[in-house]
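Peer 1: Produce the entire structure from the sequences given, and follow the hints as far as they go.
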Amino acid sequence: MSNERYNIRETEEKWRTAWAKRNAFAVSEDPAKKKYYVLEMFPYPSGRIHVGHVRNYTLGDVVARYRKAQGFNVLHPMGWDAFGLPAENAAMERGLHPGKWTRENIAAMREQLKSMGLSIDWSREVATCEPDYYRHEQKMFLDFLKNGIAYRKESVVNWDPVDNTVLANEQVVDGKGWRTGAPVERRKLNQWFLKITDYADDLLEGLKTLDRWPEKVRIMQEKWIGKSQGLQFKWNLVGTDQQIEVFTTRPDTLFGAAFIGLSPDHPLATQLAGGKPGFDDFIRECQQVGTSEEAIEKAEKLGFDTGYMATHPLLGHEIPVYIANFILMDYGTGAIFGVPAHDQRDFDFAKKYHLPIRQVISDDSGHDCTAEAYTGPGKLVNSHYLDGMDIEAAKAEIIKRCEENGTGFGTTQYRLRDWGISRQRYWGCPIPIIYCEDCGAVPVPEKDLPVTLPEDVSFDKPGNPLVHHPTWKNCSCPTCGKPATRETDTFDTFFESSWYQFRYCDPHNETLPLAKDKAAYWMPKGHTVEQYIGGVEHAVLHLLYARFFTRAMKTCGYVDCDEPFMGLFTQGMVTHETYQDTAGKWLFPSEIAKDDSGKFVKIDDGSAVKVGATIKMSKSKRNVVDPEDILGTYGADAARLFILSDSPPERDLEWTEAGIGGAYNYIRQIYGFIIYDVKDFLPPVGTEKPEALSRHATDLLKQAHKMIHGMSQDIEAFHMNKAVARFRTFSNDLKGFKPEAQEWDDGERWALRESIEILIRVFNPMMPHLAEELWQMLGHKTLLVDERWPEVDHTLLIEDTVTIGVQVNGKVRASITLAPTASEEEARTAALAQDNVQKAMDGKSLRKFIYVPGKIVNVVAG
RNA sequence: GCGGGUGUGGUGGAAUUGGUAGACGCGCCGGAUUCAAAAUCCGGUUCCGAGAGGAGUGCGAGUUCGAGUCUCGCCACCCGCACCA
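Numbering (our numbering), first residue to last: 2 to 863.
Treat each hint with caution, since some may be false.
[Said to hold, decoys possible] Dumping the calculated BS3-like pairs for lysine-lysine here, alpha-carbon to alpha-carbon at most 30 Å:
id : residue 1 : residue 2
1  : 177       : 526
2  : 189       : 474
3  : 15        : 782
4  : 140       : 483
5  : 217       : 555
6  : 115       : 617
7  : 224       : 401
8  : 196       : 526
9  : 115       : 224
10 : 517       : 196
11 : 448       : 462
12 : 517       : 35
13 : 15        : 235
14 : 235       : 217
15 : 380       : 228
16 : 154       : 302
[Unchecked claim] Per label pair, the in silico range of CB-to-CB distance:
id : residue 1 : residue 2 : range
17 : 783       : 152       : 56 to 64 Å
18 : 616       : 484       : 49 to 57 Å
19 : 412       : 286       : 46 to 54 Å
These are calculated hints, taken from the structure and not from any lab test.
These numbers come from a predicted model, not from an experiment.
Glycine is no exception: its CB is placed at the ideal position from the N, C-alpha and C atoms.
Peer 2: Laid out in structure tokens, this is it:
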């Protein structure tokens, strides 16, 4: 076998240069060609790519190169999600300006991505932190205002009382500020919102059209939107003329009501209980729970008895009114009625405050409602005129009665809340609003856009530097000319990532986010991004915001489509083993090695290393590998091949040294095999197919065409690991292909070249540098990047025999080879002729004979 | 807590969607080559059993001629939860 003579570094660089010189991946609108838009989620420019990026962009590149080979006009762009918190952290920790830090990171990461050999049209690159990008979203925001999609309201944030800054949920650790350690408070601020709830039904309906999305993502979005039918109705507050409006999805359980619960943020809460002993402490305690739903749900359920009672005309008795910390002001009316027997949270609350538990639903199984809430189906009991009804009928009856006596109405509620887009941060897109004492919140006139982010800022003080900027903040009112101040909040960075899929279609347009004709070619309704690829962690927020934003843009006349991504693929995480030294300190994989006995030790001092769980790569656990090292050591093709091998892309990928080594070996082996072992036997490029091929040569071709067929199916279904297994199997077939006689005959030589070229062309999307090099070494003058995907000769896929298993009473005892179309009679004869079948039947008679042609025979004996 | 998902040899995974479980790879074992090692090549490798044979897809039930695949109930791990991106 050959020595390795494939110079990976030089060769890979050579082909990247060749593609770039040729502008191989630059595209423009071409009405003669069908377009195909492949998009991977753009990266946050943290400074270095990580293995998750390598996985994401490798997957996208396989699709892009495969579709290009199929003749599509493939749009495959790249850009930078360049606003966000880490840039401000870098500024505070290291004194670097967020803009400088971000732009340097982009430059570094661009080089890293380029070294992967991606088929990207770099002329379309965008960075969201540049005014030529964000000016358009400022304009869109003004349009949203005009169309009633944007509005301002009060909402709560996490407040660090020491730094006097707003904290992201991520910056709240165990209820305390991450830097100051001070208990976080909730604080109300006026903020801008987008009316995503106006589109809730449409977003829900649209999910049905997304048949090329993973079902799990559609389900998650459906649950997130959380459409529910229910009753909104008023309770009377005993001894006052006040009423409490309550929403419930379970009006059927009305007679089991044990208490009314108010959100601590509910206006009535302070009104009823303010001044009562313990109230201030209670509210303070509530305010120390973070704003995240998770924190609220996990926090201990606390209540405060207002001392008031409430009643409802249909109920007939009075129940106490509590303030409860688990009730969200944002959902429904911010008030509920609690039914301990049929809701576990209410049950826990009732136990804690000694409230009665009254069962009103029963399924006759004797469920003990004093031990645990019952949430299953059943009939109504203890509920007067509802007794004996099923749940749905009882719901309808209560809604009807409330509507008749005018105390309530049936209504639809959504769990989805409007999208708060204000961030009290510097490194984001300025919200184009000016506040004037007389005129209020005034939109910045379009002629004054963009409102650019000032670069001369300092991070000496905590909080948003825009607030203390000496000149930027102060301006004059566009309406009346009086001194005024700019909005110092910036947009949520999800704003930028909600429309970048459009910007790539027309990235240098100065007047519009994108021109109509470009949108019509690349993003027509029903044929938008054919394939979007990214992490499943974006299943709800980013993907829902982008779907909403697209609809909002449509409302404002920018585009004609409503679903931005027709096909979605969500990849799994990349994991790695974790390592700790004897002192428990986390170690990087690069700090350890295997000793002679195969145990891991620290490289610098040889001390023992504890190998821990394989988990998601994270900086804190140091279980990360640097793609740059991998690419430098093994080359881009090996990294790409390993990423695609073994693990199905939707599942987690365990990064191992052995795995990347195996991929590297394959590249060297197949190169050596083709160039040193068989190249000299091959006929020249373009040799005509001989008149007749031997059975032997045809068998090889059959395998080759089966592979093409299988590879196409696998790539289209994102079964990249199976596609890899397929061409590796075929590589083994090739290596085992020997002349039947002493010498190669012409047919064999031709079949060998044909098969090798097929192999090269089908693995090209995965290992484009190696494929291009082999293509040239075999004598081709053209670039493989311009070649078409090989066509399947379907006559070669037909098999004349098939081997199937023979079961006796469900257990495999033998196998038989038949024509795929063999009759049941033929199958029966062949099966019963098998010794093992007779043995297993053990003299018993044939009771039933099952024959599924091409699949199985089952002899039922007894 | 709520919502979504995953579970198959020593190991990553495959199984034409109800039809011969373990393709392909990693690792390991044996052989060739080598002064030796590395690298490379060839062969073997689910478990128990000498063998005939038996068992086997997280655990427990069920449907079926036939279940990794479908149904129900558990267990374990992972992702998201609206200001990380």
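Peer 1: If a hint holds in the structure, say so; if it doesn't, say that too.
Peer 2: Okay, the hints, checked on the actual structure:
At roughly 47 Å between alpha-carbon atoms, residue 177 and residue 526 are farther apart than 30 Å, so this suggested pair is violated. Pair hint residue 189 plus residue 474 holds up; C-alpha atoms about 22 Å apart against a cutoff of 30 Å. With a CA separation close to 15 Å, the supplied pair residue 15 and residue 782 stays within the 30 Å bound. At most 30 Å may separate the alpha-carbon atoms for a hinted pair to count; residue 140 and residue 483 meet this at roughly 24 Å.
Among the hinted pairs, residue 217 with residue 555 is consistent with the structure: their alpha-carbon atoms are about 27 Å apart, no more than 30 Å. Distance restraint check for residue 115 and residue 617: the Cα-Cα separation of roughly 25 Å lies within the 30 Å cut-off, and the hinted pair is therefore satisfied. For the given pair, residue 224 sits about 27 Å from residue 401 by alpha-carbon distance, which is consistent with the 30 Å threshold. For the given pair, residue 196 sits about 23 Å from residue 526 by alpha-carbon distance, which is consistent with the 30 Å threshold.
For the hint pairing residue 115 with residue 224, the CA-to-CA distance comes to about 39 Å; that exceeds 30 Å, so the pair is violated. With a C-alpha separation of about 25 Å, the suggested pairing of residue 517 with residue 196 holds against the 30 Å cut-off. Proposed proximity of residue 448 and residue 462 is contradicted: the alpha carbons are some 33 Å apart, above 30 Å. The straight-line distance between the Cα atoms of residue 517 and residue 35 is roughly 18 Å, inside the 30 Å bound, and the hint therefore holds.
The hinted pair formed by residue 15 and residue 235 fails the criterion: a straight-line CA distance of about 75 Å is larger than 30 Å. Between residue 235 and residue 217 the alpha-carbon distance is near 38 Å, which puts this suggested pair outside the 30 Å criterion. Under the criterion of a C-alpha separation no larger than 30 Å, the hint pairing residue 380 with residue 228 is consistent with the structure, at around 24 Å. A threshold of 30 Å between alpha carbons decides the hint, and for residue 154 with residue 302 the separation of about 28 Å falls inside it, so the pair holds.
For the pair residue 783 and residue 152, the supplied restraint of 56 to 64 Å holds, since their beta-carbon distance comes to about 58 Å. Against the hinted window of 49 to 57 Å, the Cβ-Cβ separation of residue 616 and residue 484 comes to about 55 Å, which satisfies the hint. Distance hint for residue 412 and residue 286: a CB-CB separation of about 32 Å, inconsistent with the stated range 46 to 54 Å.
Taken one by one, the earlier hints fail for this structure at numbers 1, 9, 11, 13, 14, 19, listed in ascending order.
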